Amino acid sequence: MAKTTKTCKKCVLNSATPGISINADTGLCQFCDHFTPVTKEKKAEYRARMDALLTSPPQQGTYDVIFALSGGIDSSYTLYRLKKDYPHLKILAVQFDNGFISETALENAQKFCDLTKSTYLRLTLDQTALLDTFSKAARSKDAYPGSAKYRASDICNTCISIIKQKIIELAVSTKTPFIIFAFSPGQTDAPFITLTKPFLVWMRKLFDGNLKAMGVAERDAYLIDAAYIKAGSSEPQVTIIHPFLVWDYDKPKFKKECIQLGWIDPELKDHNSSNCLLNAFAIKNHLDKYHIHSYAYDMAALVRQGTMKREDALQKLAVNESDPSIKEVQQKLKL
Amino acid sequence: MNEINEDTLHFLKTEGFLNEKISLQENDSLTETGVIDSIILLQLVDFLENKYKIEIPVDMLTPENFDTLAGISQTVKKLRTG
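Keeping their order, the protein sequence lines are chains A and U. In terms of numbering that gives the first Met the number 0, the first sequence opens at residue 0 and continues consecutively. In terms of numbering that gives the first Met the number 0, the second sequence opens at residue 0 and continues consecutively.
Do not rely on the hints blindly, as some may be mistaken.
Said to hold, decoys possible - Straight line, CA to CA, 20 Å or less: simulated EDC-like cross-link-like pairs of lysine to aspartate or glutamate:
1. A:Lys41 <-> U:Glu54
2. U:Lys12 <-> U:Glu31
3. A:Lys252 <-> A:Asp311
4. U:Lys52 <-> A:Asp188
5. A:Lys229 <-> U:Asp58
6. U:Lys50 <-> A:Asp32
7. A:Lys196 <-> U:Asp58
8. U:Lys77 <-> U:Glu5
9. A:Lys42 <-> U:Glu54
10. A:Lys196 <-> U:Glu63
11. A:Lys211 <-> U:Glu31
12. A:Lys5 <-> A:Asp311
13. A:Lys204 <-> A:Glu234
For the record, the hints were derived by calculation from the structure and aren't laboratory data. Quick caveat: nothing in here was measured; it's all calculated off a predicted structure.
Use the sequences and the hints to build the structure in full.
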């Protein structure tokens, strides 16, 4: 007899997802069962630390911040808010062109750079090689650890890891003290990460291993240039900041504010991305391979923390199989 | 298995990072067995800091200290007696 799928009473995770168990007594998943919210005091502590860091950044290079800008709502809002709260910051906003960024996202990114007087950099890599890498990620199985499968699809993990490696390399090479990512509170737990050489060496080795497991032969272009982290090179002096673990996270409010500032909704059929055309296919590919919705963990965390309504999260997790981008991407990746 | 190893395993199981198919020995690599990556490592560090009321300096985030249960246990012990 088929097992009945149970959904957590509080968030959106269900027992059909590998690794998720629902407590028969409480009706909660293991994450909600052990959840401890961040206290007001802790948030105030984070805020004080971020203020201290960004109010007087060390003058060691041309820029104070390298900002990862996708052109979606979260990153567009963060860039605007950063310059509003810390007007003196010299920001280099980097948009990674993975070959699937919507025209509207490119336009939004440049618009918000103009608005905030930030320098815009469109980071591109060999597009044929990238397509082949995403295709390999889609065909791969278990190239990333079990934990990473809950956080993002194999395609998104690959794309995000490339962005991280290249942005860290850029920060180290330009002596920029801060890197800022607009990850949601469901996507990361650490508000601040101070980078050290041993940690970067380890990060590089791990991603190199993931790429190798996918069958990617030419990997150096996706990794931090080894020259910056070799023995004898100077310490990186870079801190990563995730402001959404410091500020309150309210996406509908951010969207409203962004639209007022001129942000254009690309109106993609995918519920989970407002910038990347690869996303809907990546979600479907991940579901087919592992029976895990790559946004479930993120959405569940937002619901658990009280920053998203449960019904909104459930709606976002409904896969739109008829999204035409799924077929288009499949053809482009030769799958 | 000592208390620190048991707490670490409990954390990894509770958070869904360790399934029943993986049987970890003290000197198995947590990254090579696919249990953690750099992001999970930071969550684990946060857990250990809160659990044992210690501060783990960032320059200690190395495979020698955090890629095995034995390394984690030794590192935590060192910092507790610090």
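Structure-based check of each hint:
no.: 1; hint: A:Lys41 <-> U:Glu54; verdict: 16 Å, holds
no.: 2; hint: U:Lys12 <-> U:Glu31; verdict: 17 Å, holds
no.: 3; hint: A:Lys252 <-> A:Asp311; verdict: 14 Å, holds
no.: 4; hint: U:Lys52 <-> A:Asp188; verdict: 18 Å, holds
no.: 5; hint: A:Lys229 <-> U:Asp58; verdict: 15 Å, holds
no.: 6; hint: U:Lys50 <-> A:Asp32; verdict: 18 Å, holds
no.: 7; hint: A:Lys196 <-> U:Asp58; verdict: 8 Å, holds
no.: 8; hint: U:Lys77 <-> U:Glu5; verdict: 17 Å, holds
no.: 9; hint: A:Lys42 <-> U:Glu54; verdict: 18 Å, holds
no.: 10; hint: A:Lys196 <-> U:Glu63; verdict: 14 Å, holds
no.: 11; hint: A:Lys211 <-> U:Glu31; verdict: 13 Å, holds
no.: 12; hint: A:Lys5 <-> A:Asp311; verdict: 19 Å, holds
no.: 13; hint: A:Lys204 <-> A:Glu234; verdict: 18 Å, holds
Comparing the model with each earlier hint shows no violations; every hint is respected.
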